[in-house]
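J.: Now for the letters of each chain:
Number of protein chains: 2
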Amino acid sequence: MTREPARTAIRLADGRELLYFDERHGIDRSAADLRSIGPIAVHSELRHDPLVDEWVIVAGHRQERTHLPPSDECPLCPSRPGYSTEIPAPDYEVVVLENRFPSLIDPGRCEVICFTDDHGAAFADLSHERVRLILDTLADRTKALSGISGVAQVFPFENRGEAIGVTLHHPHGQLYAYPFVTPRTLRMLDVARAHRDDTGRDLFADVLAAEEHAEARVVVSGENWTAFVPESARWPVEVHLYPHRGVPDLAALDDVEREELADLQLDLFGRFARLFGSPMPYIAAWHQAPTRVGRDLLRLHLRLFSMQRAPDRLKFLAGSESAMGVFINDLVPEETARRLRDA
Amino acid sequence: MTREPARTAIRLADGRELLYFDERHGIDRSAADLRSIGPIAVHSELRHDPLVDEWVIVAGHRQERTHLPPSDECPLCPSRPGYSTEIPAPDYEVVVLENRFPSLIDPGRCEVICFTDDHGAAFADLSHERVRLILDTLADRTKALSGISGVAQVFPFENRGEAIGVTLHHPHGQLYAYPFVTPRTLRMLDVARAHRDDTGRDLFADVLAAEEHAEARVVVSGENWTAFVPESARWPVEVHLYPHRGVPDLAALDDVEREELADLQLDLFGRFARLFGSPMPYIAAWHQAPTRVGRDLLRLHLRLFSMQRAPDRLKFLAGSESAMGVFINDLVPEETARRLRDA
Chain A
8 MTREPARTAI RLADGRELLY FDERHGIDRS AADLRSIGPI AVHSELRHDP LVDEWVIVAG
68 HRQERTHLPP SDECPLCPSR PGYSTEIPAP DYEVVVLENR FPSLIDPGRC EVICFTDDHG
128 AAFADLSHER VRLILDTLAD RTKALSGISG VAQVFPFENR GEAIGVTLHH PHGQLYAYPF
188 VTPRTLRMLD VARAHRDDTG RDLFADVLAA EEHAEARVVV SGENWTAFVP ESARWPVEVH
248 LYPHRGVPDL AALDDVEREE LADLQLDLFG RFARLFGSPM PYIAAWHQAP TRVGRDLLRL
308 HLRLFSMQRA PDRLKFLAGS ESAMGVFIND LVPEETARRL RDA
Chain B
8 MTREPARTAI RLADGRELLY FDERHGIDRS AADLRSIGPI AVHSELRHDP LVDEWVIVAG
68 HRQERTHLPP SDECPLCPSR PGYSTEIPAP DYEVVVLENR FPSLIDPGRC EVICFTDDHG
128 AAFADLSHER VRLILDTLAD RTKALSGISG VAQVFPFENR GEAIGVTLHH PHGQLYAYPF
188 VTPRTLRMLD VARAHRDDTG RDLFADVLAA EEHAEARVVV SGENWTAFVP ESARWPVEVH
248 LYPHRGVPDL AALDDVEREE LADLQLDLFG RFARLFGSPM PYIAAWHQAP TRVGRDLLRL
308 HLRLFSMQRA PDRLKFLAGS ESAMGVFIND LVPEETARRL RDA
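Residue numbers (my numbering), protein chains in the order written: chain A, 8 to 350; chain B, 8 to 350.
Derived by calculation from the structure, the hints in this document are not laboratory data. Check the hints yourself; a few may be wrong.
Copies of the same chain are indistinguishable here, so a pair counts whether it falls within one copy or spans any two.
Derived pair list, reagent style SDA-like, types lysine to any residue, alpha-carbon separation capped at 25 Å [stated by the list, open to error]: (1) Lys150 <-> Pro77; (2) Lys150 <-> Glu266; (3) Lys150 <-> Gly284; (4) Lys150 <-> Met331; (5) Lys150 <-> Asp113; (6) Lys150 <-> Gly332.
Bear in mind the structure is a predicted one, so any value in this text is a computation, not a measurement.
Pulled out of the complex, with its shape left as it was, chain A reads as follows:
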């Protein structure tokens, strides 16, 4: 059993759902959305790529989405007298809302999760309690979205930094509920299935054991989690955080695992922020098992990575990566692990 945060659902003026998640129960979250906004025209479709048998999302309406607004027009800050934002309340802890410019529509769904009402904060600045609340919220949303008929995989992630195309600075993450299993996940399932057929063993347990045995690439570890730079890291700075127990998704984590995870996440994000002297752009991606298949094959793990390769240099995906899928990493994983341990 895990404790349950307070959860209050409201509807925004255009019909979208918004959920407040609070540590304390009993806070009044009834403030109404006073804006007169109607539904936007959403044109999103899935197209099949016949050359590789994968789905591509074509979402023409997103071209018009909000792009780096000035901070006094941030749509994810709380509403204030005279200025109504996406969030009607005058303050909040964690908020989840349906994306106004979704990439995925029925049966898929795109949600935004606001980590704090402090516009200038970063994930690494949050308190342990807040990170724990975020984890409980992501677990809640994973369970809820997994229950939608037609949703095949739930993907919680955070894009951080203008260098990777973030269009809103307010600290937030997102959840994509895909109506198909994603290409990377399908690939991992194929490999994990073949590994089990060949050896009788779990692929993720074997990778974790090999990294723990090698030691050279481990960054931090605890009773229930280990973080390491993978031997074959694709990105200049890349860390994988594995639970020691084979669980399919965030909803399956117990209280003890969530508590330690909150600490280790803060530790890792702090190391990322300090590595090059100033905070770097990153993507934090939660790999979860699909909702219906392969739940005994794919272990939950966080993949935290940055395209920054030096204080003033970014790694770009050029011909080899973008066209052929072959990554070239200019940083040596063992060296990156050492620098992260020292950071």
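Place chain B on chain A using the hints.
T.: Quick look at chain B alone, frame taken from chain A:
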């Protein structure tokens, strides 16, 4: 039969090979490399990613590579009195040389191809004759590199524009001779093989026929080639150029196909340069069949794409693309095709 350009090989001061390709025979290309440069320490290794069964290149020495030098220190310009570059001659047409900072080493190989000695030019500015010479050069190099024992696939490409991380402005492309078949190519081979088993037909012929029949996404076409925005385009601006004949690589093209290809390439690159009013960054990627397997399954094609989605906006690969392999395209392929036809 295709005509053969003049081809002169020399060795640079550090032992690397350099080849001049000239339209006319008899030009003196004997100028020696006068620099006192020794071999650089190259630390490149292939690492296996156990989660997806793919190879990643770790190349620590590349961190020190030449980065956006001022134009009077360009290493790809011809040498001049008092300043020796990578190219000893005082002028040249097309030059191929081994990369001083290679991602791949024995049995792989990385080559640079200089398109012109005019530092300020772009591919779209070249003459028909020069593009034809470049194609003959790429065909020559494809054949030569394919003959190296251990080389599994030859990939000619051009990265253009600082926005995608180009480190040298001089107009040039590259050739990667991979010691393995790349992930995207393996995937296309699997799909093409399954398509042949299911239908008895060729996947690329069927895709081409479907695009020609649909018409809406065709940009330009000729007797031997058709260029279209694929129905499931991943990038904001993406064009695929297919030969009508099923050939595995550039070396297999005949004289008539090369002549028309030179015209169509110039036409396409010109449309890319005009689309948003100013030249945009792009990747031009030649997909060729592997050197030893699947040569009857994978048809040669050019994939030309840009991450630019508006005159002042770039598409970034964020969480969905980078972590899950799910691309979201904000531009609708039929609309992009129309704009390219009008450009």
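J.: Quick one: which hint numbers does this structure break? Sort them smallest to largest.
T.: 1 and 3
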